[in-house]
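J.: Spelled out from the first residue to the last, the chains are:
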Amino acid sequence: MEALRMEHITKIYPNGFVANKDITFSVQQGEIHALVGENGAGKTTLMKVLFGMEQPQEGSIYVNEQKVNIKSPLEAISLGVGMVHQHFMLLPSMTVAQNVTLGMEPKKRGLVDAEKAVQMTQEMSDKYHFGLDARARVSDLSVGLMQKVEILKALIRGAKVLILDEPTAVLTPQETRELFEQLKLLRENGHSLIFISHKLEEVMELCNNVTVLRHGYCNGTHPIEELDAAKISRLMVGRDVVLKIEKEDPKPGKPILEVKDLVCVNSEGKNAVDNVSFSIREGEVVGIAGVEGNGQSFLSDAISGMIKYDSGSVKLNGQEVGGMKIKDIRQAGMSVIPEDRMTVGCVNDLSVRSNAIADRYDKKENMSGIFLNGGKQKEITEAMIKEFEISCDSQDEAIRFLSGGNIQKVVVAREFTSGANFIIANQPTRGVDVGTAEMIRKYLVRMTRENGIGSLLISADLNEVLEVSDRLFVMRQGKIVAAFPKANVVDVDELGEYMLGIRTMTAEEMEGLL
Amino acid sequence: MNVRLITSFGFAVFRLSTPLVFAALSAAICEKAGLFNMAAESMMLWGALIGVIVSGATHSAFVGFLAAMAAGAVTGILIWVATVKGKADLMLAQIAINLASSGGTIFLLFALTGEKSNSAVAIKSLALPKINIPGISAIPVIGKILSGQNILTYGAVVAAIIMSIFIFRSKTGHHIRAVGENPHAAESVGISVPKVYFLAWTIAGILGGIGGAFMSMGYLTSFTKDMVAGRGYIGLCASSMVGGSPIGAMLCALIFGVADAVSNQLQLTNAPADLVLMMPYIVTIVVLVLLSVIKHSRANRRMKAKS
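Protein chains in written order, with my numbering: chain A, 1 to 514; chain B, 1001 to 1307.
For the record, the hints were derived by calculation from the structure and aren't laboratory data. All of these numbers come straight from a predicted model, not from anything done at the bench. Note that beta-carbon positions come from the ideal geometry of N, C-alpha and C, so glycine has one too. Each hint should be verified, as a subset may be incorrect.
Derived coverage of chain A by chain B (criterion: at least 3 residues anywhere in the stretch with Cβ under 8 Å from a Cβ of chain B; other residues may be distant) [to be verified]:
#	segment
1	147–155
2	287–293
In silico negatives: residues of chain A with every beta carbon more than 12 Å from chain B [unchecked claim]:
#	residue
3	51
4	87
5	184
6	315
7	324
8	332
9	377
10	442
Mimicking SDA-like on lysine to any residue, the simulated pairs with C-alpha atoms at most 20 Å apart in a straight line are [what the hints assert, rightly or not]:
#	chain 1	residue 1	chain 2	residue 2
11	B	1171	A	106
12	A	116	B	1295
13	A	327	A	372
14	B	1171	A	199
15	B	1295	A	139
Chain B extracted, bound-state conformation:
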């Protein structure tokens, strides 16, 4: 195999995994709180659009990035308001918000720019910086893969580590897990379940927003219609495979990143394009089934050992 191919493939894996990792972390924090986050899709979509608009308007990638986080957070909080305050069904509320976001982002784009599918011409958005890691960048092959990635690719790893510490070691993290496992138990010792849900949705929103910002300000520098394309759902799968453990979710997201990269690579060949585009999603199903089979057989064995 040629070295160039390996480096470009390896580089693509990490680049393509980045939004998936943020989506997975977004789903993971909700999962730990006992919530099912189907709306990472919307959080990312709004993050992507608002990031582009604000960075274009302020000529600051950083401000754009902050705005993307805020947009994601608002999406999350909206779900909290609908389901906790408004007592709406969680699944239905999320489906509604996903459909509304798909149309809503296009509407906002159109209202601001007159464009219907792409912001590239109308908005001069800035890109988030790439980072060269001194030392590592000098190593052959590996240096080319690991160094020179977007700042958010490294940010994804940091976010997973911080979240892991937060969930497993901090007091608030304990409370989130307690609510996720048995809300009545948490309530009985004075932990406010609605507050914990608020926190979970806000953090999930911020993470989703960052994932969206990466897509429109790191990967590309423009917003395109429905650009998230199911990544939020893939992140949800990654998180549920590992029961919401942040590090595990990150690693699972990486598997899907590989599938994504393979599919990208195959598009350059003569393989039928539509079939190739299905790859990441098929991998999702296969991995999901495999992992659940393993999990069940392990649980069975443990049950037997116990009785």
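Chain A on its own, in the form it takes in the complex:
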């Protein structure tokens, strides 16, 4: 039976942007239906239409084969459509039960029946093996558990169709696996799930059917049996995305970055980076793989001057960066693509232009005397928009209105064109669509080879580190536990064993590779 059908949906925003054009797709009862597409392809808009947050110009929606008119999220909920937002809608200071029953609290003698709320929540959680404690405070939960609270919120309101907007973006691999088991259980119970994701391997593993959106159009619904990851990405971007990156062997020159006996102590007093030494030379990409939270962020922050390290030394072009101001470090030749683009990479409320020129507006050549040079700024930004194919209405648009991929492009464009000879790329393609990710990776390789810069790539995406890096290190518990001379010949299973601590290389084995 068809649980949901959206027919000929067209959504045009007041500024004339066509987000959805004549999209038709349907979801069967008891299936997991993937909705894939590049950033800005219209997935989020389509789901907002379904959830009553946006009104389409044309088209109709059927729930359980009944035509419905959804004007608000409340109506969507009452029709059995639930949504798990990418940014959680939770109240951290309240308990799981209070969050789940918010707005539909059971009452007893005029007051909220807290016991009943706990009981309702616990029953629901146990039924789907969510492993939640209904009395726990949400602020004490891990991100993975918070997401379960969100799912429970939808389920307890009777959701039969559940929209999951990039649910795995915030999860660790273990949490992702657990989530998948629970989603499969929901499917067996007759729920229909709409799964929005960039990660094609997840789509392949979990989903029954895949609907592809491209530039606001629907590029068909396909049963999973007829697809593989390469086919999906072709449907998404309209061309073959090369998951393999062609590159010649590096011809490394003199060392640019030298890290020696680096130690960073975290707030618990433990060594987050534990005696790490390595160097990066001209013309090579050094990759760092590892399960997240094993000191990669500390390492990146210490090198880029965001935090003070406790001992050891970091030399950039022969100059010690410890104690230098971040601006001076950048001046000395470092560029950083930060892990979290929204808090460190850009200023959300400022324009595309202000963000693009943030590191160079006060350089002599970009000023006219003591005044800012608006014309020059526009010129620089225009060049970036062109070269990196940034889609935005204008340079003056606040950057937060751009899609995630385009925001990342602005950050990447700024960092790649800063004239630095060393780049840290920390999770450069996280939450970015396949096409943009490919472009960023290729750019990183090209810059490194052609301009002879040194690059440090930190990524949780194994395909990425294996394809892009020349030398590859594995970090675990703050230490480098393995080093490989050639990343693209490393076996994934072997890499996994080093990441998870099943194997560790000795200092002798790594000799000469660091």
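Here the structure of chain A is known, so what remains is to put chain B in place on it, guided by the hints.
T.: Frame of chain A; chain B shown alone:
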């Protein structure tokens, strides 16, 4: 120390704390809804004036008291209209209303009575009753402190308890807290944020109005120009020190009541009067800083424990 001094001081602490408690509760309900109530000052001022006028006109303290509550509520609702319906900036709207109320109350007083600073001569206002608590009043010292206070002093304690139950145990209270913490989350499950704001401002207004009524109908029996004198702001401090918890806000208000009483007591000595009058406000700053230092170090420790 002499017993008389202790009793009169203790009695003064509770008397002086009463308006501060109502101001603090007024700020607290807003704080729980995620709003910053700077206008308790105005709510109290209008409550004080309207209470006097109506009780004078009707010869009923009770009707005057109801009118004071209504005046406070109207002030609160006015802020809601300006900021929610009119989309005015919350801070600016409140500053405007505070300035307007300071002048507006005097104008109304002048228009009705021809007096510019005090209603005592023109309006014969009634006082809200004092209550003797049988049993307690017989205990030496403590009886003299706790018994014989104005009905609103006891009312303040009751109000704090009722509000605590309302906020933490009732469905509406849950919704208020939800809106205060994350309006989007509340909205996503169908809680109307404007409605919750309306409720918060109305309740805040009523509480402010009661605080004002106490000042002009309990403490004194007349309205004087700018008689609230910053008590609304002190209440705001008391509430923000404890994150809007009603019982906590009441206890904090009590600390300021002590400072107030000390300053009153010192005025009888040779200490420089202007300096003494600064006391309650200086205590406010000191306590505010101390509490925030404690809060931060506690939060830091918790962060460390968590990571």
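J.: All the hints need checking, so say for each whether the structure fits it.
T.: Here is how each hint holds up against the structure:
1. For the segment 147–155 of chain A, the proposed coverage by chain B is not satisfied: 1 residues have a C-beta within less than 8 Å of a C-beta in that chain, short of the threshold of three.
2. Residue count for the segment 287–293 of chain A with a Cβ under 8 Å from a Cβ of chain B: 0. That is fewer than the three needed, and the coverage hint is violated.
3. For residue 51 of chain A, the condition that its CB be more than 12 Å from all CB atoms of chain B is violated, with the nearest at approximately 9 Å.
4. The non-interface label for residue 87 of chain A is inconsistent with chain B: the shortest C-beta to C-beta separation is roughly 8 Å, within 12 Å.
5. The beta carbon of residue 184 of chain A sits about 26 Å from the closest Cβ of chain B, which is more than 12 Å, so the claim that it is off the interface holds.
6. Look at residue 315 of chain A: its CB is around 30 Å from the nearest CB on chain B, clear of 12 Å, so calling it non-interface holds up.
7. Once the 12 Å rule is applied to beta carbons, residue 324 of chain A is consistent with being away from chain B; the minimum gap is 27 Å.
8. A cut-off of 12 Å between C-beta atoms confirms that residue 332 of chain A is not in contact with chain B; the least separation is 31 Å.
9. A cut-off of 12 Å between C-beta atoms confirms that residue 377 of chain A is not in contact with chain B; the least separation is 31 Å.
10. The Cβ of residue 442 of chain A lies farther than 12 Å from every Cβ of chain B, with a closest approach of about 37 Å, so its non-interface assignment holds.
11. Restraint check for residue 1171 of chain B and residue 106 of chain A: the C-alpha separation of about 8 Å stays at or below 20 Å, so the hint holds.
12. For the proposed pair residue 116 of chain A and residue 1295 of chain B, the alpha carbon gap of about 33 Å is over 20 Å, so the pair is violated.
13. Pair hint residue 327 of chain A plus residue 372 of chain A holds up; C-alpha atoms about 18 Å apart against a cutoff of 20 Å.
14. Proposed proximity of residue 1171 of chain B and residue 199 of chain A is contradicted: the alpha carbons are some 41 Å apart, above 20 Å.
15. With a C-alpha separation of about 17 Å, the suggested pair residue 1295 of chain B and residue 139 of chain A falls inside the 20 Å cut-off, and the hint holds.
When the structure is compared with the earlier hints, violations turn up for hints 1, 2, 3, 4, 12 and 14 and for no others.
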